[in-house]
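Heads up: the sequence shown runs through residues 1 to 703, numbered per the UniProt record's numbering.
Accuracy of the hints is not assured; some may be wrong.
Label-pair restraints from in silico Cβ distances [unchecked claim]:
id, residue 1, residue 2, range
1, Asp60, Tyr578, 33 to 43 Å
2, Val172, Gly315, 38 to 48 Å
3, Thr295, His337, 47 to 57 Å
4, Leu491, Ala577, 38 to 48 Å
5, Leu239, Glu117, 40 to 50 Å
6, Lys700, Thr13, 15 to 25 Å
7, Gly315, Leu491, 51 to 61 Å
8, Leu459, Tyr399, 37 to 47 Å
9, Glu117, Lys179, 20 to 30 Å
10, Leu484, Asp341, 44 to 54 Å
Okay, derived cross-link-like pairs now, DSBU-like style, lysine-lysine, Cα gap no bigger than 30 Å in a straight line [what the hints assert, rightly or not]:
id, residue 1, residue 2
11, Lys70, Lys19
12, Lys243, Lys340
13, Lys243, Lys21
14, Lys485, Lys404
15, Lys300, Lys394
16, Lys394, Lys447
17, Lys183, Lys340
18, Lys471, Lys411
19, Lys393, Lys411
20, Lys137, Lys32
21, Lys300, Lys132
22, Lys132, Lys114
23, Lys58, Lys300
24, Lys340, Lys300
25, Lys584, Lys340
26, Lys183, Lys243
27, Lys471, Lys420
28, Lys700, Lys18
29, Lys203, Lys32
30, Lys340, Lys500
31, Lys132, Lys32
32, Lys114, Lys137
33, Lys243, Lys19
34, Lys10, Lys700
35, Lys137, Lys179
36, Lys409, Lys447
37, Lys471, Lys340
38, Lys300, Lys404
39, Lys462, Lys668
40, Lys300, Lys70
Rather than coming from a laboratory, the hints here were simulated on the basis of the structure. Glycine residues also receive a C-beta, built at the ideal position from the N, C-alpha and C atoms.
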Amino acid sequence: MFETQAIVLKNVTKYYGKKLKILDELNLSVPKGSIYGLLGASGCGKTTLLSCIVGIRKIDSGDIWVLGGKPGNENSGIPGSRVGFMPQDISLVGEFSIIGALYYFGRINGMRDKEIEERYVDLTELLQLPPKHQLVKNVSGGQQRRISFAAALLHNPELLILDEPTVGLDPVLRDNIWKYLSKITKENGVTIVITTHYIDEAKQADKIGLMRFGKLLAQTTPNQLLDRFQCDNLENAFLELSKLQEENRNVSEIDTNVNDNSETIHEMEFMEGSINLSTRPPNAPTRSIKNLSSTSRKLKALIIKNITQFLRHPGGILFSIGFPIIQLLVFHYAFGHDPKDLLIGVVNHDSDNCDLAKIQGSVIYTHNDFGGICDFVDLSCRFLHDINDTTAKKVYYDYLPDVKEDLRKGKLSGIIYFSKNFTQALQRRLENFRYIEEDDIETGEIKIWLDVANRQIGLFLKNRLYDGYFKSMRNIMTECHLPLKIMDIPLSFENPIFGKKNDDYINFSSPTFILSLTFFVTTVMTTAILISDRHEGVWERSIVQGVTTSEILFSHFVVEVSIVIIQVLLICLISFAYFDLDCKGSLFTVVMMIFFMGLCGLFYGFLVSVYCNSHLFADYIVTGSFYPIILLGGFLWPIEGIPPIIKWLSYCLPTTVPGVSLRAILVKGHSVNNPEVYIGFLVISGWTIIMILLCFYGLKRKS
């Protein structure tokens, strides 16, 4: 009897979690070359049962034999091209054309393109498919189900598993489909398992199974079931069986020896003793399945699918290519540059309004036998003119209380105040500093008030006012024929060993920003693509056709690495060619470090998609990891300013040490042989390896 059965299940049990039993000691047999109708309400376990039969879910106990072997075993061919699977969901790539969808499923099942095109003509006539170049996402739900049905029939499988294929179809089309299914079972020996909501439709099946609460209530021919319960339709027969199951359940609560051994149910073939599956029958043939769909053919189909999805998804292109460009432009134009057009209030009691009166301030040098004398006139104006107008625009006031009020109101960034007789007091201070009076010291000072609520603006103005003061004093020393350094503080800052004097802050932040941008763009892109692939059902459906998870991930890796290369080249072109970012070291080393960071982000996206089943949860994970990397990674503030305990956390992040390494290449010109550089590559490699191992662990655990 074993050789005559296409599918045999013995005492199959399946749990979701630890307590929810979906399949309960289920026994089932499907003869070869027949149509088996599986009936039951939503949630009774039909879809779970089918997924166990095709090998995409494992059972907790019991035995399953499909086409002479156990699903997942090497010689069973299940999952593989021996089965055609139409899931309850559409499970198609929306960006495919109709013919593109069939090309994909045909190729992974080992068909040549010419064979696919010939089958497309036959299936179009049978299923009334839309025009072949129309996109799947642009057709109606009923048309999508027909395309999904065509994908299952395409490669003429030995076994067809159809989960509600006729839902929403025209009655005439539904009748034609049933005729076609009957034809291929009789002429080609195809075995078909079909679930349907239309119970009376199952009359056309050779054998039916009625499921409720994870149990098979009966499996017999439709006519035998109707005769046994003296019913006119299958729906009433199903009702009688359900009542009988309830009676047995109530009895079993009292007497545990009474299970499902009801005489009525036992009369029909099922429950117990149909087939002995304790061991495989000795005469059962071991089939060597010819692998028509080679790995290279499947990879080609998968890569074409991924490229098509990407190119026909404008949002994905905009994010993957446009987003890095926009972020770089915003960063370089808006970040790290010196503030301009700050308003600073001036109260000058030493002289009139210097700008209106065109007073520049002057130094009159008179040579004599003792070396010369300098007389100062309106030095306050000299100081004011040496303040860069692009940095601070001067607003003149007559009274100090008025300008302080405007500073409190936020109208000004600072105040400069010159006392009356400032010039004369400063001259006396310079000429006779040993015997200067306290009043002259007070009068000869430039008093400044700054709004340091905005700390960066306050520090910037303070530095620029210092620069303006020293510039004026050096000019005065020159005109007085005195040494320039006489007015400098006794600290001499020579040319920097690395970097430039007064370098823009953007040159400090650029390395970490570029790495962080590359990391997160690839992470978000990869996560979105993989989770969408799973949600569309294409991933699972492809596995049923013999595609492995490794092949799916590798195909995504190939396509997304290509996108990463494009992103890295764009980032480097914009940063180094357009914005002329300094690079003292090897540009090739820079490109490779950014590329490896992109790979690290790609595998982080793989990791998130393996452990997250929804876009929402994945977004939480990615967003939650974004802020620590930005705040602690040395992008906004030097790592040396972080408290010691948190500093170790900072060094553990994937962009912190590589950011230091990239800065060493750009600013210091170090090569990859320098420890400050190669440690960055080691950190990226370490993170990548860890994430790959966690991906394999997660996939193994899920399988």
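To see whether the hints hold, each was checked on the structure:
1. Asp60 with Tyr578: 33 to 43 Å: Given about 60 Å between the Cβ atoms, the range is violated.
2. Val172 with Gly315: 38 to 48 Å: 39 Å, holds
3. Thr295 with His337: 47 to 57 Å: Taking Cβ atoms as reference, Thr295 and His337 lie about 53 Å apart, which means the hint holds.
4. Leu491 with Ala577: 38 to 48 Å: At roughly 39 Å between Cβ atoms, Ala577 and Leu491 fall inside 38 to 48 Å, so the hint holds.
5. Leu239 with Glu117: 40 to 50 Å: About 48 Å separates the Cβ atoms of Leu239 and Glu117, which means 40 to 50 Å holds.
6. Lys700 with Thr13: 15 to 25 Å: 23 Å, holds
7. Gly315 with Leu491: 51 to 61 Å: At roughly 56 Å between Cβ atoms, Leu491 and Gly315 fall inside 51 to 61 Å, so the hint holds.
8. Leu459 with Tyr399: 37 to 47 Å: Given range 37 to 47 Å: violated, Cβ gap about 28 Å.
9. Glu117 with Lys179: 20 to 30 Å: This hint holds: roughly 24 Å between Cβ atoms.
10. Leu484 with Asp341: 44 to 54 Å: With a Cβ separation near 31 Å, Leu484 and Asp341 fall outside 44 to 54 Å, so the hint is violated.
11. Lys70 with Lys19: Roughly 26 Å between the alpha carbons, so the hint for Lys70 and Lys19 holds.
12. Lys243 with Lys340: 84 Å, violated
13. Lys243 with Lys21: 21 Å, holds
14. Lys485 with Lys404: Answer violated: Lys485 to Lys404 is near 35 Å, above 30 Å.
15. Lys300 with Lys394: Roughly 68 Å between the alpha carbons, so the hint for Lys300 and Lys394 is violated.
16. Lys394 with Lys447: Distance of about 15 Å is within 30 Å: holds.
17. Lys183 with Lys340: 82 Å, violated
18. Lys471 with Lys411: 28 Å, holds
19. Lys393 with Lys411: OK: Lys393 and Lys411 at ~12 Å, within 30 Å.
20. Lys137 with Lys32: 36 Å, violated
21. Lys300 with Lys132: Distance of about 21 Å is within 30 Å: holds.
22. Lys132 with Lys114: 15 Å, holds
23. Lys58 with Lys300: Holds, at about 29 Å.
24. Lys340 with Lys300: At roughly 56 Å apart (the allowed maximum being 30 Å), Lys300 and Lys340 break the hint.
25. Lys584 with Lys340: 29 Å, holds
26. Lys183 with Lys243: Between Lys183 and Lys243 the Cα gap is close to 36 Å, so the pair fails against 30 Å, i.e. violated.
27. Lys471 with Lys420: 23 Å, holds
28. Lys700 with Lys18: This hinted pair holds, its Cα atoms lying about 19 Å apart.
29. Lys203 with Lys32: Distance ~18 Å between Lys203 and Lys32 Cα, so the pair holds.
30. Lys340 with Lys500: 21 Å, holds
31. Lys132 with Lys32: Violated: Lys132 and Lys32 sit about 34 Å apart, past 30 Å.
32. Lys114 with Lys137: 25 Å, holds
33. Lys243 with Lys19: OK: Lys243 and Lys19 at ~25 Å, within 30 Å.
34. Lys10 with Lys700: 26 Å, holds
35. Lys137 with Lys179: 29 Å, holds
36. Lys409 with Lys447: 20 Å, holds
37. Lys471 with Lys340: Holds: Lys471 and Lys340 sit about 20 Å apart, inside 30 Å.
38. Lys300 with Lys404: 73 Å, violated
39. Lys462 with Lys668: 29 Å, holds
40. Lys300 with Lys70: Holds, at roughly 28 Å.
When the structure is compared with the earlier hints, violations turn up for hints 1, 8, 10, 12, 14, 15, 17, 20, 24, 26, 31, 38 and for no others.
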